[in-house]
Structure formats: C-alpha cells, structure tokens
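Chain order of the listed sequences is A and B. 205 is the number that the numbering used here gives the last residue of the first sequence; the numbers go up by one with no jumps. 326 is the number that the numbering used here gives the last residue of the second sequence; the numbers go up by one with no jumps.
Just so you know, these hints were derived from the structure itself, not from any lab. Possibly wrong hints are sitting among the right ones.
As the list claims (entries may be wrong) - Non-contacting residues of chain A with respect to chain B, defined by C-beta distances greater than 10 Å in every case (computed):
id: 1; residue: Val45
id: 2; residue: Arg67
id: 3; residue: Ile70
id: 4; residue: Arg86
id: 5; residue: Ser116
id: 6; residue: Asp136
id: 7; residue: Thr141
id: 8; residue: Asp142
id: 9; residue: Ala163
id: 10; residue: Leu166
id: 11; residue: Arg180
id: 12; residue: Ile184
id: 13; residue: Ala204
Unchecked claim - Per label pair, the in silico range of CB-to-CB distance:
id: 14; chain 1: B; residue 1: Pro296; chain 2: A; residue 2: Ile113; range: 22 to 30 Å
id: 15; chain 1: B; residue 1: Leu302; chain 2: A; residue 2: Pro139; range: 29 to 37 Å
id: 16; chain 1: B; residue 1: Pro260; chain 2: A; residue 2: Thr92; range: 51 to 59 Å
id: 17; chain 1: B; residue 1: Leu280; chain 2: A; residue 2: Ala98; range: 49 to 57 Å
id: 18; chain 1: A; residue 1: Leu117; chain 2: B; residue 2: His288; range: 32 to 40 Å
id: 19; chain 1: B; residue 1: Gly87; chain 2: A; residue 2: Arg185; range: 54 to 62 Å
id: 20; chain 1: B; residue 1: Ala325; chain 2: A; residue 2: Leu145; range: 23 to 31 Å
id: 21; chain 1: A; residue 1: Ile182; chain 2: B; residue 2: Ala232; range: 50 to 58 Å
id: 22; chain 1: B; residue 1: Leu280; chain 2: A; residue 2: Thr64; range: 21 to 29 Å
Backbone N, C-alpha and C define an ideal beta-carbon position, used for all residues, glycine too.
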Amino acid sequence: MTSNFRCGLISAAMLLIHANAAEAHIVAARLGDFYTGALHPLTDVQDIVLWIAMGVLAGSLGSTKGRWLILVFPLGLLAGSALGHRFGVASTGLADAAMMLALGLMLAAAARIPTSLLCPLAFGLAVIRGAANGVDLGPETDRLLFATGLVCMGYVVMTLTMALTLAFRSTAPDGSASWRTIAIRALGGWIAAIGLMMAGLVLAS
Amino acid sequence: MTAIRYLRLALLLFAMIVLPSALSAHEAAMGVLEFREVRPGAFIGRWTMEPSIGAARVDLRVPSHCLLRLPEMNCGQKGLVGSITIGNLGSNMSVVLIKVIPITGEPRSYTISTANPVVSILGTGAPTLEAWIELAKVYVNYGIDHILLGADHLLFVLGLIWIVGGGWRLVKTITAFTIGHSASLAAAAFGLIGVPERPLNACIALSIAFVGVEIVKQQRGETGLTARHPWAVAFTFGLVHGIGFAGALAGLGLERRLLPAALLFFNVGVEIGQLAFVLLVLALIWAHRRLDAALPRWGEALPAYVIGSVSMFWFFGRIARVFAAI
Numbered sequence: 001m002t003s004n005f006r007c008g009l010i011s012a013a014m015l016l017i018h019a020n021a022a023e024a025h026i027v028a029a030r031l032g033d034f035y036t037g038a039l040h041p042l043t044d045v046q047d048i049v050l051w052i053a054m055g056v057l058a059g060s061l062g063s064t065k066g067r068w069l070i071l072v073f074p075l076g077l078l079a080g081s082a083l084g085h086r087f088g089v090a091s092t093g094l095a096d097a098a099m100m101l102a103l104g105l106m107l108a109a110a111a112r113i114p115t116s117l118l119c120p121l122a123f124g125l126a127v128i129r130g131a132a133n134g135v136d137l138g139p140e141t142d143r144l145l146f147a148t149g150l151v152c153m154g155y156v157v158m159t160l161t162m163a164l165t166l167a168f169r170s171t172a173p174d175g176s177a178s179w180r181t182i183a184i185r186a187l188g189g190w191i192a193a194i195g196l197m198m199a200g201l202v203l204a205s
Numbered sequence: 001m002t003a004i005r006y007l008r009l010a011l012l013l014f015a016m017i018v019l020p021s022a023l024s025a026h027e028a029a030m031g032v033l034e035f036r037e038v039r040p041g042a043f044i045g046r047w048t049m050e051p052s053i054g055a056a057r058v059d060l061r062v063p064s065h066c067l068l069r070l071p072e073m074n075c076g077q078k079g080l081v082g083s084i085t086i087g088n089l090g091s092n093m094s095v096v097l098i099k100v101i102p103i104t105g106e107p108r109s110y111t112i113s114t115a116n117p118v119v120s121i122l123g124t125g126a127p128t129l130e131a132w133i134e135l136a137k138v139y140v141n142y143g144i145d146h147i148l149l150g151a152d153h154l155l156f157v158l159g160l161i162w163i164v165g166g167g168w169r170l171v172k173t174i175t176a177f178t179i180g181h182s183a184s185l186a187a188a189a190f191g192l193i194g195v196p197e198r199p200l201n202a203c204i205a206l207s208i209a210f211v212g213v214e215i216v217k218q219q220r221g222e223t224g225l226t227a228r229h230p231w232a233v234a235f236t237f238g239l240v241h242g243i244g245f246a247g248a249l250a251g252l253g254l255e256r257r258l259l260p261a262a263l264l265f266f267n268v269g270v271e272i273g274q275l276a277f278v279l280l281v282l283a284l285i286w287a288h289r290r291l292d293a294a295l296p297r298w299g300e301a302l303p304a305y306v307i308g309s310v311s312m313f314w315f316f317g318r319i320a321r322v323f324a325a326i
C-alpha cells in the first residue's frame, strides 16, 4: 500500500467520522423540526453503524429477546435527548468507537446475551446517541418536535433492522446453522474493525 | 347504522360548505412593479405604484439565476423562469402586482399577496424544456412536502390501512382515495367548486374521527361501513381531502396556462409521498408480525382511541376557528 493511498484512506475515514449535520439543516428549512429530528441520525456515521449493529445483534438473538427493543430503544433516545438538552452532555468519539467494538465482537462471537443484559445495553446506547443528537440544536429548533422525530426514526430503524435480520437468518430444515448465520458473524467482525479503526484515529488525533 | 349516519352527517356538512365562496374586497397597501424586457433575458424594472413602506424596503426575491439590481434585472439565456416572492409582506404592504412585458407576446400580470406569497413564472415565450423541468421540480417537491407535512391526511391513510389490512383490498382502497382526491383537487384548482378553507379542514378532521370509530367497531367484531365498502369510504373522503390539497396549490398564485401541468406535477408529488408512507406502514406491520410483537389485549383499542382523540382535538380547534372568523 503506498503512503498516498494510506493518507487518502485515513482522510476519508476522518471525513466520515466527522460527518456534520449540514444535510439535516436543509431538511429543517424545508420540512420542519420533526423531519430534522428523524433524519438527523442518518447524517452521522456513528448513529448509522451503532443503530444497525444493535438491531442486527437483537435480531440475531431471536424475536423473544429482540422485540423488547421496539420500546426500549426509542425510550432511551427520548431520555438521551432530554439529558443532552438539560446537561449538555454528548457522546465522545472514543465512547462511540468502544460501543462499536463491543457490539461488533458480540455479533462476531454470536454471544447469547440474556434479555436482562440486552435491554440495558440498548437503553444505554440509545441514551448516549439521543444525547449526541439533541445537544447542538439551535435555539430556533422546536425540541419536542425534534425529539419526536428522533424517537420515531429510532423505532422504525430498530424494528425494521431486527425483522430483516430475523428474516435473513433462516436456518436449514435440519436446524443447522446456514451460511447466513456466518454472514451475520462476519458483519459483526466488520463492525468491530470499524470500531477499532475509529478508536485508533481518535487516540491518534 | 351508526356509521352510515356518521357518514351522512359528514357528507351533509361537506355539501353545505361546497359552495363557491364570495370574495370580499378590502383596501390593501398595494404596490405595482413593472418589468419590461429590453433584450432577451434582460429587464428594466420600475415601480409604477410605490408601496407605502417605500420601494427600497421591499424584499423582492427573484429566481436564483436572475441578477436583480433595480432598475435592472438580468436572467440570462434561461429567461425569467421560476418563483418570485416578497419576504416582507405584511399589513403595510399586503399586495404587490408584478407586470412582465416581454419583447414579443402578451404582457402578463402576477399578484403576490399575503394569501399568495409566491408566484411561479414559466417564461414569457413558448415554454422550453428547461422551463417544464423547472415546473416539474417545483411542484413534485411541493406535493411531497405537502403530504409529508399533512399529519391529518397521513392519519386518515393510516386508519384505512388499519381497517383494510394488506393485499388487493388495500390496493383498491388506496387507489379509490387517490382517484377521489385527484378529481376534487382538479375541480377545485380549476374553480369548478369553491370551498372555504376553515370548515373544510374541520371536515377533514371529522373524516379521521370516522375512521377511528370504524376501527373500534371492527375490534368489537362488528362489520362497519369501511370494512364492507372500503373503496367507497376512501373515495368519498378522498374528495374532501383533495380540496384540501387544492387549497395549498391555490396559495402559489399560478398562471392559468400553467395550471394543468402544475396540477399534474403536484399530484405526482402527493402520490409519491403517500406511496412512501403506505410502504413504510406495511413494512412496519410485516416487521411486527415477524417479531411477534403485538399489542397486549388491553391495549388493542389504544391506537383507534388515539386516532379518534387527535382528530376530535383537531375538529374542535378547527370549528372554533370557523366561528372565530364569523
């Protein structure tokens, strides 16, 4: 790998990590604060990767465990949004990277997490990301509408991701693990790798 | 029977308000601005009637490709195509008449007012391909925005999906709603029917309450009118909702010759938004089934009561506004 290519790769990664919310502000001008809140997470790579990782992890554990997150995750986002506004706390790059690494490793190891651990994990993640989304809003933003949009998007993304994972992870008629299960574990490996790379970049900068 | 009575009441209320409404004239702080084309795409503008706030204080916004430095305005090869608006309309200046006098062809006038804050200009000559693309872009986007911001329309569609479920019945129902609102949108936009906005909005809220009642009846094991003839209910209330869409279109001060095309593009936008919403709801229903995530027995009626309560809240608020305006 040449040094130019390496530099380019690192720069691209840095740009992705520091994706800003400019697109969401265009939405704000056009469709109001509900849609700003709904689309705000989609402008941030941390949200996209972490939400999907959580959804895939919950979906891979089966519907009995996963369905709790339909309620828990949006509630966590709501709590985080309120906390972010009240105390001005936001997630750090290192915390996001650590969460990505942890979720990725759990997926890769196909860890059988009990519901009593899955729910607090999802709630904690949602609180941290909710705070990160709600912390840097301008005074002109209607916070209630923004939070409602964020919570609705959390519900939609989590529900659809879990259901799609369940549908994808079909086992063979004899009950043996199919290539699909292996694909989900490989995805976990990728998520862990992204987390590790992000942590390295944050520490290096 | 109650459902039929309810539908009759809604239709009666609708019929009472579907009467061309008279316009009441009132004195306005008016200005008249004339743009005369001196060479293709280049205009000289002058105030033939200056507004009371003074010409210099008028915040005139022209299409982004036009360079405005009164008395000159240069729109280049593209010509004067796009939206014109005034940012500071108010009680001191409520109406501005804009006259465009092209080198060739008939002069045209556009009225910008607090009721019609934006006018769309397709061009002074024969419409070019660029002008049509511009028009399509503006009105398809406007249609999408209108349906996505119209929580009442979306709530009605959600209620229909809730009652009908999926499959061909849903396709027929949504198609009937589309035909209904497209027909009344066209009729209202062409001035065949005139409906005062405030009572119409109250009627739209009532249509959602009707769907809420129908959901409750279905959950009690009764077969309501919507469950029996979903397409008829969707078509009937589609007519009501379509006039509501036309109200949004009327606020743009369209040229008469552009109206059919703008109407088509606006309707396409509304359909895109509606289809996206229906697909999202169907995807979520599928996801809930896949996850075996259903509401507990005690909470089954909750969505219907939420829909009903929200719609009645809107209805009383909108009725209050009707009486406040009298």
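Open item on the list: For a quick check of understanding: which of the numbered hints are violated here, in increasing order?
Closed with: 2, 3, 9, 10, 17 and 18
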